[in-house]
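Asks: Chains as they are written, first to last, in the numbering used here: chain H, 1 to 466; chain V, 1 to 466; chain Z, 1 to 466; chain X, 1 to 466.
Simulated from the structure, these hints should not be mistaken for laboratory data. Relax, there's no trap hidden among the hints.
Identical copies carry no separate label here, and so any pair may be met within one copy or between two of them.
Straight-line Cα separation of at most 27 Å, DSS-like style, residue types lysine-lysine; simulated pairs: (1) 236 x 206; (2) 9 x 27; (3) 9 x 381; (4) 399 x 463; (5) 37 x 9; (6) 381 x 118; (7) 33 x 399; (8) 247 x 236; (9) 33 x 9; (10) 6 x 27.
Small disclaimer: the values here were computed from a predicted structure and weren't measured.
Each chain is listed here by its residues.
4 protein chains.
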Amino acid sequence: MELVIKNGKVVMPGGVFEANVAVENGKIVSLGKTEPKADKIVDAGGKLVLPGLIDSHSHIAQPFQGALPKETWETGSVSAAFGGITTVIDFAAQFDPITYEKLGVMGDIKRKEEIAGKQSVIDFSFHGIFVDFSDMNAVLREMEEVVNYGYPSFKEFMTYLLLAISDWNLYLMLNKSREVGATVGVHAENYSLEEGMVKKFVEEGKKEPKYHPLSKPNLVEAEAIQRAIILAEWAKSRIYIAHMSTKEGVELVRNARMRGAAVYAETCPQYLTLTDDLYERPDGANFIISPPLRKKEDNEALWRALAEGYVALYGSDHVPLPSEAKMAAKSFNETPNGAPGNELMLPILYSEGVNKGRITLPRLVEVSSLNASKLFGLYPKKGLIAPGFDADIVILDHKLKKKVRLEDLHMDIDYVNWEGWELTGWPTTVISRGALVIEEGQLVGKPGHGKPVRGKIDEGIIKTVR
Amino acid sequence: MELVIKNGKVVMPGGVFEANVAVENGKIVSLGKTEPKADKIVDAGGKLVLPGLIDSHSHIAQPFQGALPKETWETGSVSAAFGGITTVIDFAAQFDPITYEKLGVMGDIKRKEEIAGKQSVIDFSFHGIFVDFSDMNAVLREMEEVVNYGYPSFKEFMTYLLLAISDWNLYLMLNKSREVGATVGVHAENYSLEEGMVKKFVEEGKKEPKYHPLSKPNLVEAEAIQRAIILAEWAKSRIYIAHMSTKEGVELVRNARMRGAAVYAETCPQYLTLTDDLYERPDGANFIISPPLRKKEDNEALWRALAEGYVALYGSDHVPLPSEAKMAAKSFNETPNGAPGNELMLPILYSEGVNKGRITLPRLVEVSSLNASKLFGLYPKKGLIAPGFDADIVILDHKLKKKVRLEDLHMDIDYVNWEGWELTGWPTTVISRGALVIEEGQLVGKPGHGKPVRGKIDEGIIKTVR
Amino acid sequence: MELVIKNGKVVMPGGVFEANVAVENGKIVSLGKTEPKADKIVDAGGKLVLPGLIDSHSHIAQPFQGALPKETWETGSVSAAFGGITTVIDFAAQFDPITYEKLGVMGDIKRKEEIAGKQSVIDFSFHGIFVDFSDMNAVLREMEEVVNYGYPSFKEFMTYLLLAISDWNLYLMLNKSREVGATVGVHAENYSLEEGMVKKFVEEGKKEPKYHPLSKPNLVEAEAIQRAIILAEWAKSRIYIAHMSTKEGVELVRNARMRGAAVYAETCPQYLTLTDDLYERPDGANFIISPPLRKKEDNEALWRALAEGYVALYGSDHVPLPSEAKMAAKSFNETPNGAPGNELMLPILYSEGVNKGRITLPRLVEVSSLNASKLFGLYPKKGLIAPGFDADIVILDHKLKKKVRLEDLHMDIDYVNWEGWELTGWPTTVISRGALVIEEGQLVGKPGHGKPVRGKIDEGIIKTVR
Amino acid sequence: MELVIKNGKVVMPGGVFEANVAVENGKIVSLGKTEPKADKIVDAGGKLVLPGLIDSHSHIAQPFQGALPKETWETGSVSAAFGGITTVIDFAAQFDPITYEKLGVMGDIKRKEEIAGKQSVIDFSFHGIFVDFSDMNAVLREMEEVVNYGYPSFKEFMTYLLLAISDWNLYLMLNKSREVGATVGVHAENYSLEEGMVKKFVEEGKKEPKYHPLSKPNLVEAEAIQRAIILAEWAKSRIYIAHMSTKEGVELVRNARMRGAAVYAETCPQYLTLTDDLYERPDGANFIISPPLRKKEDNEALWRALAEGYVALYGSDHVPLPSEAKMAAKSFNETPNGAPGNELMLPILYSEGVNKGRITLPRLVEVSSLNASKLFGLYPKKGLIAPGFDADIVILDHKLKKKVRLEDLHMDIDYVNWEGWELTGWPTTVISRGALVIEEGQLVGKPGHGKPVRGKIDEGIIKTVR
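Using the sequences plus the hints, can you model the full thing?
Replies: Laid out in structure tokens, this is it:
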């Protein structure tokens, strides 16, 4: 064996088992009580051994709304790894975000595969994003091409000027996704409503960050979610609701699931733990993300949904925009949207979720790894500790309690929105395809280790997603 | 290793993996791509390797309503094993069913542990049954004693003269179950209604088997289920609905789950596949069971519920009453209730469920094994193929197609209600704690191999039951 | 004309109109702007003119659980009239409540028709009550006889020792009611549960009035309601839930109505306005009624249901048991159940309902008069101010504000459970079949004026009940 | 008295009464058994006497999509009167439909008041329509002006190029409506979806009428309805869903009402009785209306909703476009939308509704008259036969059976979509403010009799709408 992880408590959907995990050629070859001989032994020392997280929503090194990140695929993938992530699903869009050159989704995939392939310390995949719908036939053809290439998932914007997809075009994409075996997701916000509200506030001189959530009340998300769901129901397709933030969204997804609709919602650490009173702080601009932070009752509704199965995915929506750029904006609506956080993914989910009794450990691995694998075509490579799967493994010291301090983190950014939070449960060792990326808290991975994860969706296994 | 099962496709809640399973001291020690040296190698030859079934509802060798079975714990456990079952959860009642001597639940447990311990080829556990409520304090104390002894589950009758529990006593038991960590189940039928209807038919001279379902319309079950659920909701306890047969039951369980109630329903092969027109056949009396067979639409509602999670358990309700005794009765209401079937448990669930696309393989292992293990205190010994678990394993030849013929079966009984059905997917090899019970279709197990499985309920793991 | 009521605001289901109401031969002959010549002119002086209330639930002069009222049909009908009531629907039971002589429902009807016919100042009708089910065929035959005689409604007890009906017998009565055109109601409480809880409290020495509601938690009513509803759904009959007290009941009725079930609930002033903290008062025993008083949230749920249509009836459940008898009991469970209140029916509904914006005036006449008329066979005689209907009219001084003081009331009783409440809106003049019963607050009616109101149910008009 | 209608059965929300109706100065002064002296006696001869219908949705004499009607306000109001209608609620829009001159809603009101005031034989009112949202502040100001002028209702298009309102602007109007006491309605269709589908069919050369419903599947309406509802819920305002056509719409309205939302749906005779197979006929183009005709199951869902209260309004959506213009179009999407039908309003509702047992007579007057009066500010002038209300009365010969034949009708149009239907129940006499418009089937009304009905909404009485 090239590697054995011993003395761990292995977490699987069916339960938690004391077992040693043996790895050969980057793949898990066995798990069990026996301790095979190996070139390298990692002693988990009674800690939890989890499948590495799949970040279903990531924007590594991505400029947005005019703001440039310092982050590179190297630093962004390193912070992801420290967050327990072994695969990031990033985005491939039609246009270069700086030059606006039209690369096509396939073009952006090739470009990002090259960059990430050189820099990333962990594996990566992509959701395609279309924003130019002037030739829908071309869009639908390219969808199929992207699926055939190995990335069977897409995410579309229902909001943002120049990016938003029309209901008809979304309906066409949903139909196409059913035919070609893809999963289409949406950033669900109603553009008309938020544009109207933003304009109104700005005209009234109300420009502080606290007007950001007021310009996007829960209605803005709820309307878009119900629209996306009904379109998917009529297209007889799946739909994935990205970064869901509201209790109304939970209710809509739940009702749709009761009707038998194939709706899969994702939420993020920020929507589970942060609230909109933060916008009142002097650094309120740092929390400007879309959808905005909500109320305590929304947090709690999302936790319950995560436990019960109405939220199936946990993504970071990591956007590494510098505080400097966010704080400099003269109005909430000119503030670049997004905030970093991939490095805290596992600590937050374990500490606030498992440790506080809101979700079980088996549920943690479903929402943070297995479900994304199934829904986005990474299965049966990623998402489980099981023979034949890639040896993407994280050892979690579930008793380790630490305060979040920006200076201790590896994100190349000037703020973190959980500064000062005390979290229990931190990854200590992270393994990607059998190779150590982080060992006892030290980075040992190498840029260029990461590889693209291409695959196709198994429609049978998706039926087991909850 | 004492045993390795190689070349199988191992089915787990997270998916299906090609892996070899190694066994030492009766426990699974590893599963993986490696092939450890072993005293005994079983080559699964590409077949499915499943955790042995846990029959959540079994009446091995049990007399009922005056009818005596020929079956013994030896023959009954053998036919169970041929049905893919490696653990039966049978019943321990307060009274001897023939002499009516009061043994107490503990007394019956001891007696049955001894008998089954000598005769059974597979492991066994018990649900306690109380029917004498003259001293409820004594009942509640004995409940606790039984739980502490290692059998934390009970099943009560809401119907049957002399057996039925009152709402108040059920409410007390549910409250007690919450305190002591037990699961209480019910045979949910409304006694008043069925007694009234039976009497009416009999008075009118309507005594043929076809009046059996008419005397227990879906209402009879539905009313009792909704009553059991509301009692459990107010007791803030779990409830287990045994052998659910109706679409109305599915709806009630679903609505209760939506409200957050901890309701777990079981169904049986007969309620998934047989219908009430069978009562019109000359051998209609053989189908007299309670609840009775229903309509096609009930079958289908139960299949969907099994897939979606509103039915969590699959038990046989095997009652080995001879056809002779059933056919001899002069009226449907004098016919002893119950019919045999444990030998067809896995073939029916695979053939009609997985093979027809109604449920997935991972779901099959949840409903037929894992969930019962969690709900009835067998976890973490039974219910999974995972390191540390008992090596209770069944190899399923999922391509094998065979007609059901009584003469080919091992049940010591004179009829089988699926005679002539062609089923795809039959167990070929069955292993109990590492010991072969059936090898390539031949019985090799020995009476006395079976052991009682005592344990306690893990309240955390129950939250993962769906 | 024998009578004209002029200058009033007439309240009808469609709205409120300024009109004069003309009466001839005890019937309304016209309403309009014209002012016909008349022997007697009553000037309403801008006050509200309503159809006289129909008290759907009344126990005038009835002994209960060993306690004897001082009230007679004369005094009880007088206090009813002061409460705006012009028709009481009382009860006719099989047994004499003191001697336990079996009169039969028909026998009790005849007896009560005679007594009330001599004493009552207002009209009266009856719900039949069966409690002896030893010969159900006889019960069903008598049901038909009672319906044919002119009283097509029944109310059965699901609780109380010796009175409770079994599920089967209730199911038979519901089926019969569908065939003969009757409405069957239930006192919905689960006997087993309340008996168990009462016994437990008493054994623990907990005998104060505050244990009364604890011995009948909302569960006790909710379980019985859901049982009654499912029985009626299967019998394809109507069901009337008497004196509903819980928010859970509202939810059950609402869900049933959504499914299309013909469920009609009644509530009472006490369940709309009083709460269970009153049991802690020194005179707590006076509030011992069944079902017991509940919480503020139950009150509010009932008000909303009354407004939205899920509660269709407003009855008093007036039981004139003396405080003396109630306070003398040594334990809450020995306290005779029931309390008086018919004299406050209209003031409470107007003051707390209309005046506080919870219901509209048109809704007030539906729930307090029109719906009872339709559901219990009084239509088209009672329940509306419309040509051809009996001139049963109440003039309500909707601006009159008065404190409730026992000494001001006409009920022949030693307490009133709303003592000290300030209510706005009191009847000043009450007319029964064109005859003044109360004129400007003074009793002018005569014992013996009241007549039985016999009729049959119009199945078409019942469809308009909400 | 100037007029008495005697020997009729007067239909009111509370029931049906034999009464004579007396009229003075155009208003009802009394109803009753008495028969006042009068200048004119109309003998109803045992027929039904109903409040004249209020057509909540009318486009008299209105050009649309380039097609010119022959109809004038004279002929259109005459055919309405023959349909039992005594008040039409027409539309006042910002632009002249032929010249596209911008008149403003107030301008169009003044113009139409003048034209209709000269030509109409019955009364009229208007819903305002805004389509130019370039200055929303001006729109909101004009809304208030229109409300103050006496027309407190509006209807907006969610579809049609150049007419559709954005979500934000609709939200603003809904908020404004709450502040100024108006009712806002919507033509609920999703523009993006239907535009996409139309384009697709046309590109594929699929231009026949049968592609009309295929280009607007139920989804197109359902999505828009759910969007309109959620906007109204957040605006805490009422919303009126015009001409609802789908079972999905019924479900959405029902769920919204269960949540307490103030949603009022209207349907039309065509959606209750016609189905989309009619598009296959040679004259299929005549049935091109929006929303399109649906399936039998949609018809039935709408009937049930009309009975149960989830549809509260019954309007004609009468559009008098000539068949010539419709049949001439080269493609379904170039066919002018709309079809005539006001003359059959009452016969269809009585014949298919009351006569077939789907709705009761009291419900008929609610949905065809009273509810529109309450929701659109005509109350307490119109909608009831009650003292003080306008004497707008229709006598319905509910036993008269006649075949629909274009040549017998008064609509100035070359087709009728119910040609050949046998209907039972036809108006014989129609009275507007005490003046005979139709007497025993003969037109006796005069152009210029009709008057505008201006008023304001009574928020209290709206709570009684069902």
